[in-house]
Amino acid sequence: MKISDKFNELKKKREGALIAYICAGDPTPEGTKEYVTALVRGGADIIELGLPFSDPTADGPTIQAGIERALNGGMTPDIYFKIVGSLKVHIPLVVMTYYNLIFKRGLEKFVKDCVSFGISGIIVPDLSAEESGELAGFCKQYNVDLIFLVAPTTTESRMKRILAEGTGFVYLVARMGVTGARKDIAASTRELVERVKTTTPKAVGFGISNGKQASEIIRTGADGVIVGSAFVDIIASGKDVPERLEALARELKEGIRAAGK
Amino acid sequence: MKQELKLTKFGKYGGQFVPEVLMPAIEELTEQYEKYKDDPVFNKELDYYLRDFAGRPSPLYLAKHLSKEYGVRIYLKREDLVHGGAHKLNNTLGQALLTRYMGKKRIIAETGAGQHGTACAMAGAAFGIKTEVYMGARDTVRQRMNVYRMELMGAKVIPVKSGSQTLKDAINEAMRDWAANVETTHYMIGSVVGPHPYPMMVRDFQSVIGKEVRTQIMEKEGRFPDSIVACTGGGSNAMGIFYPFIEDDVDLFAVEAGGSGMKVTEKEALHSATLCTGEEGILHGMHTKVLQNKYGQILESSSIAAGLDYAGVGPELAYLADIGRIEPRNSMDSEALDAFHDLCRLEGIIPALESSHALAYVKKAASSGELGDIVVINISGRGDKDLETVMGMKK
Numbered sequence: 012m013k014i015s016d017k018f019n020e021l022k023k024k025r026e027g028a029l030i031a032y033i034c035a036g037d038p039t040p041e042g043t044k045e046y047v048t049a050l051v052r053g054g055a056d057i058i059e060l061g062l063p064f065s066d067p068t069a070d071g072p073t074i075q076a077g078i079e080r081a082l083n084g085g086m087t088p089d090i091y092f093k094i095v096g097s098l099k100v101h102i103p104l105v106v107m108t109y110y111n112l113i114f115k116r117g118l119e120k121f122v123k124d125c126v127s128f129g130i131s132g133i134i135v136p137d138l139s140a141e142e143s144g145e146l147a148g149f150c151k152q153y154n155v156d157l158i159f160l161v162a163p164t165t166t167e168s169r170m171k172r173i174l175a176e177g178t179g180f181v182y183l184v185a186r187m188g189v190t191g192a193r194k195d196i197a198a199s200t201r202e203l204v205e206r207v208k209t210t211t212p213k214a215v216g217f218g219i220s221n222g223k224q225a226s227e228i229i230r231t232g233a234d235g236v237i238v239g240s241a242f243v244d245i246i247a248s249g250k251d252v253p254e255r256l257e258a259l260a261r262e263l264k265e266g267i268r269a270a271g272k
Numbered sequence: 037m038k039q040e041l042k043l044t045k046f047g048k049y050g051g052q053f054v055p056e057v058l059m060p061a062i063e064e065l066t067e068q069y070e071k072y073k074d075d076p077v078f079n080k081e082l083d084y085y086l087r088d089f090a091g092r093p094s095p096l097y098l099a100k101h102l103s104k105e106y107g108v109r110i111y112l113k114r115e116d117l118v119h120g121g122a123h124k125l126n127n128t129l130g131q132a133l134l135t136r137y138m139g140k141k142r143i144i145a146e147t148g149a150g151q152h153g154t155a156c157a158m159a160g161a162a163f164g165i166k167t168e169v170y171m172g173a174r175d176t177v178r179q180r181m182n183v184y185r186m187e188l189m190g191a192k193v194i195p196v197k198s199g200s201q202t203l204k205d206a207i208n209e210a211m212r213d214w215a216a217n218v219e220t221t222h223y224m225i226g227s228v229v230g231p232h233p234y235p236m237m238v239r240d241f242q243s244v245i246g247k248e249v250r251t252q253i254m255e256k257e258g259r260f261p262d263s264i265v266a267c268t269g270g271g272s273n274a275m276g277i278f279y280p281f282i283e284d285d286v287d288l289f290a291v292e293a294g295g296s297g298m299k300v301t302e303k304e305a306l307h308s309a310t311l312c313t314g315e316e317g318i319l320h321g322m323h324t325k326v327l328q329n330k331y332g333q334i335l336e337s338s339s340i341a342a343g344l345d346y347a348g349v350g351p352e353l354a355y356l357a358d359i360g361r362i363e364p365r366n367s368m369d370s371e372a373l374d375a376f377h378d379l380c381r382l383e384g385i386i387p388a389l390e391s392s393h394a395l396a397y398v399k400k401a402a403s404s405g406e407l408g409d410i411v412v413i414n415i416s417g418r419g420d421k422d423l424e425t426v427m428g429m430k431k
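Residue numbers (this note's numbering), protein chains in the order written: chain A, 12 to 272; chain B, 37 to 431.
Excised from the complex, chain A in its bound form (with noise of 0.2 Å):
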């Protein structure tokens, strides 16, 4: 499923986006089917899965250990690919991984992959506007999206072009920084969610955990809100994973429901 259609949908319905992230292989590559299944079943509209990176260094501590766990349990880019095109769920998928994988594997036949599996968008965080120009090309060629992250420093020029070079949905990080627990979200997310001018969908993500979060979140006019360690979080702890997978995702969703559009 194409990302603009769900977002189309969920505007049918005035409501906002949950976008869940997970790593794939974390624990096993075993256990990825069965958490998605959760994730979507609690009301995820949108799956980020992580394809691991061996040096991730534009994720915080918690995510840093889930992909630990993933290589050490034998997570590869193939086996990615096999989980994914093995998923039977009707949302879009999109692949978080950095650059260096695409690379190795040939960015044609990422993208390529990418289609044939069953994958909708990619998100590269250590991939700059600047750099994407390569990337962007075959995304297009295949029509594959291309995610871009925005931040607060974010500057009016480099807004411009990442704007102009991205498809999907627009990546807020809501904060400074990249790990660990906040406090007040909503003044500064309200700030970047109003700098960031297009027409394409807006999600913020970074530090966002419970239902009352993702509320805030959504009455700060962003039309998505993306959430990460609160699920690795979870599967770090190797208890009743799904069903508290699928429990936080209902919270979520129920927040983001709640705060109407």
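Read the hints as simulated data drawn from the structure, not as lab findings. For every residue, glycine included, the Cβ atom is placed at its ideal position computed from N, Cα and C. Treat the hints with caution; some may be incorrect.
Facing chain A, a subset of chain B residues (Cβ under 8 Å, in silico) [claimed, not checked]:
1. P55
2. K104
3. H119
4. Q201
5. I318
6. Y331
7. I334
Following the hints, put chain B in place on chain A, whose structure we already have.
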């Protein structure tokens, strides 16, 4: 031969592969560095610190006994005599001064064995700038003395407990800190690696080494050397001595760590010979050569010399190797140890194990004639820090 570039690149290498949160800081740094690098006031002040604080120029010393033993005329560029015992201070003084010119109040850095961290602590103290150094928790235990040295000079050492608790986790943590505090903080990278402008900027600050050699060798020999040999991990001492000679008829040898052999498994390499065996990839913000498996996962590298133990290499070195301007070579742990003992015994100089790799290559290659008649070896640091390692090997 100066780079045929698209501004941020050396041929196809280099670039800026960093998270968006860091891009504005990188842009600001690029702009500020361009503004000050040729500024006479900035350079006058930097020269002052290099001379009166760091003790430059470092001598170029004719190693008579070693020359006789190895069969080629050998000059040693004595970076081991620079304050702190290594070339690292050349770069940290430059960046600390730039930090002040940029109006930033805080320096952060990552360190593995503690050499770069120590040089940061020195520069931070010299300029009165608060300095915090991220170091893997395991490394803080292995390198207790360096932790203590940094603390004595007023730096705060932050042990990193995530992941493998070594250098790469320290890099991750430093990048997170920078992302969260870009307005007030400068991130001091210790080698010619990372996103543009770091490879260029660190090269420029280290080029003082090669510039001095140009003058010194003319005084002593009335001509340039036939070859220059430097050890290469990230490559800052190599670029520093090579760069001023890049357009001259001087052969440049980058000697990497051959570790315990040129073998590789799925997860690790027994060496750190990135220029010799690495493949193109993207790591730590740059397109360069890296040690990686068939999927692009970065391998753990290995070397007896912590300063060479890195799975990447400076992008300019990758470029210069591709176009044939530098010759990548390697020396094994055991060869470096041999050469280490040679220099101690014959010349009364204890070199760093890193620099010993360069010595070892000269020992191997001198008789083949490929180094010519006069060779300059960069003794990038002194070996006092390595004595425990060497003693351990003797047992």
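Comparing the hints with the structure gives:
no.	hint	result
1	P55	holds (4 Å)
2	K104	violated (46 Å)
3	H119	violated (32 Å)
4	Q201	violated (12 Å)
5	I318	holds (4 Å)
6	Y331	holds (5 Å)
7	I334	holds (5 Å)
Consistency with the previously given hints fails for numbers 2, 3, 4, ordered from lowest to highest.
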